[in-house]
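Novice: Going down the list, the protein sequences come from chains Y and V. Residues in the first sequence are numbered from 1 upward in steps of one, following the working numbering. Residues in the second sequence are numbered from 1 upward in steps of one, following the working numbering.
The hints are simulated quantities; they were obtained by calculation from the structure and are not laboratory data. Certain hints may be false.
Same chains, same label: a pair holds when it works inside one copy or across any pair of copies.
[Unchecked claim] Mimicking DSS-like on lysine-lysine, the simulated pairs with C-alpha atoms at most 30 Å apart in a straight line are:
id, residue 1, residue 2
1, K459, K25
2, K102, K25
3, K392, K459
4, K134, K102
5, K264, K34
6, K213, K242
7, K134, K123
Fair warning: this is a prediction, and the values are worked out from it, not measured in the lab.
2 protein chains.
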Amino acid sequence: MTRYEQLAQQIREQIQNRVWRAGDKLPSLRESGKRAGLSLMTVVQSYQLLESQGWIVARPQSGYYVAARSQALPQPIRGEKLLVSEQVDINAFIFDVLQACKDPEIVPFGSAFPDATLFMQPKLARALSSVARKFTPHSSLANLPPGNEALRRHIAQRYALNGMQVSPDEIVITAGAMESLSLSLQAVTQPGDTVAIESPAFYGALQALERLKLKAVAIATHPQHGIDLDSLQQAIEQYPIKACWLMTHFQNPQGSSMSEENKKRLVTMLREHQISLLEDDVYGELYFSAERPLPAKALDQGGQILHCSSFSKCLAPGFRVGWVAAGRYAPQIQRLQLMSTVSTSVPTQMAIADYLLHGGYDTHLRRLRRLLAQRQSAMHQAIAHHFPPTVKVSQPDGGYFLWLELEATQSSMELYQRALAEGISIAPGRMFTTGDRFNHCFRLNASFEWSDRLETAIKTLARLIRGLG
Amino acid sequence: MTRYEQLAQQIREQIQNRVWRAGDKLPSLRESGKRAGLSLMTVVQSYQLLESQGWIVARPQSGYYVAARSQALPQPIRGEKLLVSEQVDINAFIFDVLQACKDPEIVPFGSAFPDATLFMQPKLARALSSVARKFTPHSSLANLPPGNEALRRHIAQRYALNGMQVSPDEIVITAGAMESLSLSLQAVTQPGDTVAIESPAFYGALQALERLKLKAVAIATHPQHGIDLDSLQQAIEQYPIKACWLMTHFQNPQGSSMSEENKKRLVTMLREHQISLLEDDVYGELYFSAERPLPAKALDQGGQILHCSSFSKCLAPGFRVGWVAAGRYAPQIQRLQLMSTVSTSVPTQMAIADYLLHGGYDTHLRRLRRLLAQRQSAMHQAIAHHFPPTVKVSQPDGGYFLWLELEATQSSMELYQRALAEGISIAPGRMFTTGDRFNHCFRLNASFEWSDRLETAIKTLARLIRGLG
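Using the sequences and the accompanying hints, generate a full structural model.
Specialist: Spelled out as structure tokens, the structure:
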């Protein structure tokens with residue numbers, strides 16, 4: 001970490017620890033430099049980094065101030081710690097929410113997809129064009145499961161740069177992370193088996209379980225710190241859990257991330273009970289802090305951790321190229337893929353391999369992270385400004401979701417209906433659970449460039465929230 | 001049908017009915033013309049068509065002769081008409097056979113994929129390049145399930161040209177036919193349900209059933225005429241069959257096709273018992289006769305027929321773009337897709353839509369059919385020349401598979417092992433069944449351009465067959 005990054009991190013921690021609170025004026029650049037023994041230039045860089053991440057704002061002629069983040073974080077919902085659903089319920093309703101987001105007339109706060117304008121890269125288009133010319137008769141066969149070899153090597157190299165030992169041989173290229181998770185689940189379970197999931201959870205996990213006739217045990221999940229390990233331990237003692245499916249970083253929908261310590265405890269706990277871990281890490285690259293958080297997969301010893309990710313949230317939505325680092329399940333996952341989708345689309349595999357070869361991915365990612373941090377901050381500010389103070393909002397360190405909690409008696413389904421009537425979609429809490437514990441919660445997509453249209457939509461939501469019973 | 005096509009069809013039927021037999025000299029062009037009241041030019045076109053389809057051969061200075069097709073067709077294997085497998089067995093071995101075909105050193109007679117050189121089309125490459133430029137932020141959303149709208153309209157138009165009423169709204173674009181079949185199976189069954197399949201069957205069907213914990217009833221299937229409807233009727237009376245999965249045309253592995261009459265009887269039988277039909281029609285466009293055989297889907301009345309096909313065998317292997325015309329199951333299939341692979345790869349969907357818009361697909365298909373007929377004929381001739389006369393071989397009217405039957409005591413698994421040791425792959429009968437009824441059968445891929453290398457491989461196989469116990 002460079003000096004300016006160190007200073008930025010110090011200040012950030014101070015803000016998190018309430019040393020500085022929203023609206024406080026920070027020490028001047030000169031003063032900060034003097035106290036820390038750093039050059040003025042270094043301090044300027046630190047402050048600019050913090051500004052780009054939405055932690056502080058510059059006021060002309062005055063200095064830097066702590067940004068008006070809403071400090072009232074949602075609380076984990078306790079009470080019912082465990083819920084075994086004999087059969088997970090599919091909501092046709094989830095499908096309707098997603099369909100609504102396809103309509104360009106609707107403000108897509110309920111969307112699961114990052115703003116597509118973040119990914120309009122001439123370099124990627126060039127890679128696709130170049131693949132069209134390079135296609136040979138052998139290309140189709142060469143890209144069958146486990147998938148494009150160059151691409152698997154690139155992915156293994158990126159693991160290596162994070163200090164992780166993942167062989168290209170245990171990587172299987174899939175049609176996005178959704179296919180890698182679905183195949184992983186099939187590899188480690190049989191119908192009727194029990195799987196531990198987060199509560200609230202990514203609805204794709206609920207639906208995959210339903211489709212494969214698995215039983216779900218929903219584990220309380222903290223909006224900041226991720227899955228509650230005491231609850232998980234208790235569930236393991238109570239139920240014959242075969243696998244655990246969770247997101248270690250910037251969880252969907254809450255944005256929570258597990259600490260290093262918790263990841264260690266999780267991996268140890270699961271290893272002791274021979275439970276496979278499906279680590280859904282699709283948002284892992286979208287961190288706002290200085291370094292990529294290390295996946296639980298880094299702690300894998302027996303090949304029982306299946307690390308699933310993709311390029312859909314970082315580089316090429318719509319290409320449907322993802323992967324799983326599947327440990328000892330890699331051969332089985334190849335076979336399952338061959339009999340469900342045969343292989344991942346060949347031109348898109350080759351285009352991403354070509355793009356990664358020619359460089360520029362890290363530059364793109366840095367820009368993407370900076371923009372997402374800024375956009376999250378803009379949405380936070382609008383929420384802080386317009387929403388009633390009773391609404392609690394999460395403050396994730398990455399990704400592009402905000403999780404909001406209304407008062408316990410207020411219904412986010414009602415808000416969803418009323419907002420849709422005014423051309424705004426949100427993702428209500430009941431999309432993320434089989435029960436009704438999150439009926440007063442909802443998720444917003446914060447990946448869009450801030451605009452008057454969005455500001456107005458937030459104002460409208462604020463008015464609708466005030467009107468809720 | 002034009003006059004020359006009519007004449008060609010007449011002669012062809014005469015050959016099939018043994019009016020003319022292999023090696024017979026056909027009437028001269030002049031004589032044929034006189035008898036049929038056709039111009040010499042029309043007769044020349046007929047004879048050229050028959051020649052391109054491998055039915056006849058020209059001998060310089062002499063005239064046209066019936067090609068040396070092997071007349072000994074395999075017989076349907078009776079005996080055990082029904083077999084209920086409580087759990088279908090997956091063969092890791094199938095995976096090995098497919099893997100062997102990836103090695104360019106191996107003669108890929110065992111491959112399931114058509115020769116890739118048949119598909120090297122500059123127009124398709126240009127379509128892919130052009131998509132790279134046309135990609136907009138809205139593309140990803142616009143191509144979510146049910147998939148690219150222009151593509152669905154093109155497909156519906158092609159149905160319409162065959163006189164079929166299929167709305168773009170019941171079409172869902174999928175990652176190849178394998179995904180459309182797998183999603184269709186999930187839409188119409190629950191784990192534990194019973195599904196009628198062909199015997200022998202496409203191994204993908206066996207594997208999909210195993211994966212979804214379904215029970216299989218294997219129905220005797222005739223090498224020429226397809227599924228035995230009496231056996232199916234009997235199975236329906238005996239077992240609680242929920243769905244029937246079969247190939248109406250150029251079935252894999254036998255190459256059989258159902259007659260119009262049989263398709264009608266099938267559809268009526270299934271409708272009476274409220275059984276859904278999964279019609280796998282991936283080879284339907286690869287017909288050698290004058291017209292496309294009409295799918296059973298054309299007879300659908302209650303939306304219970306799910307017609308699954310793709311561009312993988314006809315245009316773009318490796319693109320992984322297929323579809324299902326799903327009748328009333330279309331909404332459910334969209335939801336299932338959204339939770340398993342999210343969507344079909346967007347650039348490949350757009351590229352195929354673009355290609356179809358600019359025309360040339362039918363010209364390509366005509367060339368493809370002509371080449372496949374020629375190549376089938378070349379392989380037939382090599383087999384007739386080298387193999388012992390005890391080996392029976394099928395004579396499909398389309399597709400690119402030949403199905404061969406050794407003597408009952410000879411093992412195609414043994415042949416597979418010995419052939420692989422000499423650098424040749426074949427697809428042994430046990431890949432296509434859960435039992436051992438096809439242990440003396442195997443499938444050959446006839447899609448490759450004939451060459452000395454292939455001729456030598458056939459000679460080697462002939463030697464190995466003679467050496468079998």
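Novice: For each hint, tell me whether it holds in the structure or not.
Specialist: Checked hints:
1. Taking the shortest alpha-carbon separations for K459 and K25, only the intra-copy value of 27 Å comes in at or below 30 Å, while the best inter-copy value is 87 Å.
2. Taking CA atoms no more than 30 Å apart as the test, K102 paired with K25 passes in neither setting, with 42 Å inside one copy and 65 Å between copies.
3. In the homo-oligomer, the alpha carbons of K392 and K459 lie at most 30 Å apart inside one protomer (16 Å), although the nearest pairing across protomers, at 77 Å, exceeds that limit.
4. For the identical chains of this complex, K134 and K102 are inter-copy neighbours only, at 19 Å across copies versus 34 Å inside a copy, given an alpha-carbon limit of 30 Å.
5. Taking the shortest Cα distances, K264 and K34 never come within 30 Å of each other, neither inside one copy (39 Å) nor across copies (89 Å).
6. Taking CA atoms no more than 30 Å apart as the test, K213 paired with K242 passes in both settings, with 14 Å inside one copy and 18 Å between copies.
7. Proximity of K134 to K123 under the C-alpha cut-off of 30 Å is found in both arrangements, the shortest distances being 16 Å within a copy and 14 Å between copies.
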